[in-house]
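K.L.:
Residues per chain, in single letters:
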Amino acid sequence: QKEVEQDPGPLSVPEGAIVSLNCTYSNSAFQYFMWYRQYSRKGPELLMYTYSSGNKEDGRFTAQVDKSSKYISLFIRDSQPSDSATYLCAMGPVEGAQKLVFGQGTRLTINP
Amino acid sequence: DTEVTQTPKHLVMGMTNKKSLKCEQHMGHRAMYWYKQKAKKPPELMFVYSYEKLSINESVPSRFSPECPNSSLLNLHLHALQPEDSALYLCASSQVQSYEQYFGPGTRLTVT
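As you go down the protein sequences, you meet chains Z and E in turn. This note's numbering runs 29 ahead of the 1-based position in the first sequence. This note's numbering runs 85 ahead of the 1-based position in the second sequence.
Source of the hints: derived by calculation from the structure; they are not laboratory data. Some hints could be false.
Below, a list of computed lysine to any residue pairs in the SDA-like style, where the Cα atoms sit at most 25 angstroms apart [to be verified]:
1. E:K126 / Z:Y100
2. Z:K96 / Z:N56
3. Z:K71 / Z:Q133
4. E:K104 / E:T92
5. Z:K31 / E:E185
6. E:K125 / Z:G38
7. E:K126 / Z:F104
8. Z:K31 / E:L173
9. Z:K128 / E:P151
10. Z:K71 / E:K94
11. Z:K71 / E:K125
12. E:K104 / E:P93
13. E:K126 / Z:Q93
14. Z:K128 / E:T101
15. E:K104 / E:T195
16. Z:K128 / E:E129
17. E:K125 / Z:V123
18. E:K126 / Z:A58
19. E:K125 / Z:V130
20. Z:K128 / E:R148
21. E:K126 / Z:L40
22. E:K125 / Z:V48
23. E:K104 / E:P151
24. Z:K71 / Z:S113
25. E:K126 / Z:E32
26. Z:K99 / Z:T79
27. Z:K99 / E:E185
28. Z:K71 / E:Q167
29. E:K125 / Z:L75
30. Z:K31 / E:M131
31. E:K125 / Z:L137
32. E:K104 / E:L163
33. E:K125 / Z:I139
Covered stretches of chain Z, as calculated for chain E (at least 3 residues, CB under 8 angstroms) [claimed, not checked]:
34. 66–72
35. 124–133
Heads up, incomplete: computed chain E residues facing chain Z, CB under 10 angstroms, no partners named [said to hold, decoys possible]:
36. V89
37. K126
38. P127
39. A177
40. S179
Quick caveat: nothing in here was measured; it's all calculated off a predicted structure. Beta carbons: idealized from backbone N, C-alpha and C, even for Gly.
Kindly produce the complete structure, drawing on both the sequences and the hints.
P.N.:
Take a look at the structure:
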């Protein structure tokens, strides 16, 4: 079993839909949870950063962490074609070191 | 706009060449990272520098040689690479005690 599981998709939804992206993990030591957006042939862009459990909102994006279920989510409201990208979850620490474990990434397409 | 810059954007090199990738950050971060990313895969950590000292080497072959000349700059020296080393090489930076890593746009390397 991988330490972080993320459905690679691809996921295709119409413009304006609410998108839900998810990761599950097995390591209860993880405290820091990130979501990155990566456009084709570009570097990952940090979208959301959450420490421990709870929700965090930034514009159309909401990140949720449920440590009891070892499950994190990213919601995108009023999705736009410009949101089409690969979304990577990442979490740490790994063995107490300043390292992240990444999910496999979900490829998302928003259709106009 | 990313505050982590990488040069060159693209690099094609033969297996006997020596080349260097460069990374610069202007965020005052004291931790810097090199990652390798293959197509449709998440970034894979190679090296971590903390306060300009190598703190993590993920058992990377010696044909990859990192260097951190000062707190803003990170280099990756390449020598005698193999075609399977062709990938997107990403630089990232963060505060030393933080897991919020900010990525550069990457250098797309092709080894012929």
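K.L.:
Take the C-alpha atoms of K104 (chain E) and T92 (chain E), compute the straight-line distance between them, and say whether it is at most 25 angstroms.
P.N.:
The hint holds at about 11 angstroms.
K.L.:
Take a quick look at whether K128 (chain Z) and T101 (chain E) sit within 25 angstroms of each other, Cα to Cα.
P.N.:
violated, 32 angstroms
K.L.:
Given the hinted pair K104 (chain E) and P93 (chain E), is their Cα-Cα distance within 25 angstroms?
P.N.:
holds, 10 angstroms
K.L.:
Between the alpha carbons of K126 (chain E) and E32 (chain Z), is the straight-line distance 25 angstroms or under?
P.N.:
holds, 15 angstroms
K.L.:
Between the alpha carbons of K31 (chain Z) and E185 (chain E), is the straight-line distance 25 angstroms or under?
P.N.:
holds, 22 angstroms
K.L.:
Between K31 (chain Z) and M131 (chain E), does the CA-CA distance stay at or below 25 angstroms?
P.N.:
holds, 19 angstroms
K.L.:
Against the 25 angstroms threshold, does the CA-CA distance of K71 (chain Z) and S113 (chain Z) hold or violate the hint?
P.N.:
The hint holds at about 13 angstroms.
K.L.:
Hey, K31 (chain Z) versus L173 (chain E), does the alpha-carbon distance stay inside 25 angstroms?
P.N.:
holds, 23 angstroms
K.L.:
Hinted pair, alpha-carbon criterion (25 angstroms max): K126 (chain E), Q93 (chain Z). Please report holds or violated.
P.N.:
holds, 24 angstroms
K.L.:
Does the alpha-carbon distance linking K71 (chain Z) and Q167 (chain E) stay inside the 25 angstroms limit?
P.N.:
holds, 23 angstroms
K.L.:
Measuring from the C-beta of S179 (chain E) to each C-beta in chain Z, is the shortest one below 10 angstroms?
P.N.:
This hint holds: S179 (chain E) lies near chain Z, its Cβ roughly 8 angstroms from the closest one there, short of 10 angstroms.
K.L.:
Regarding the hint that V89 (chain E) lies at the interface with chain Z, is the smallest CB-CB distance below 10 angstroms?
P.N.:
holds, 8 angstroms
Going through the hint list in order, the structure does not satisfy hint 14, though it satisfies all others.
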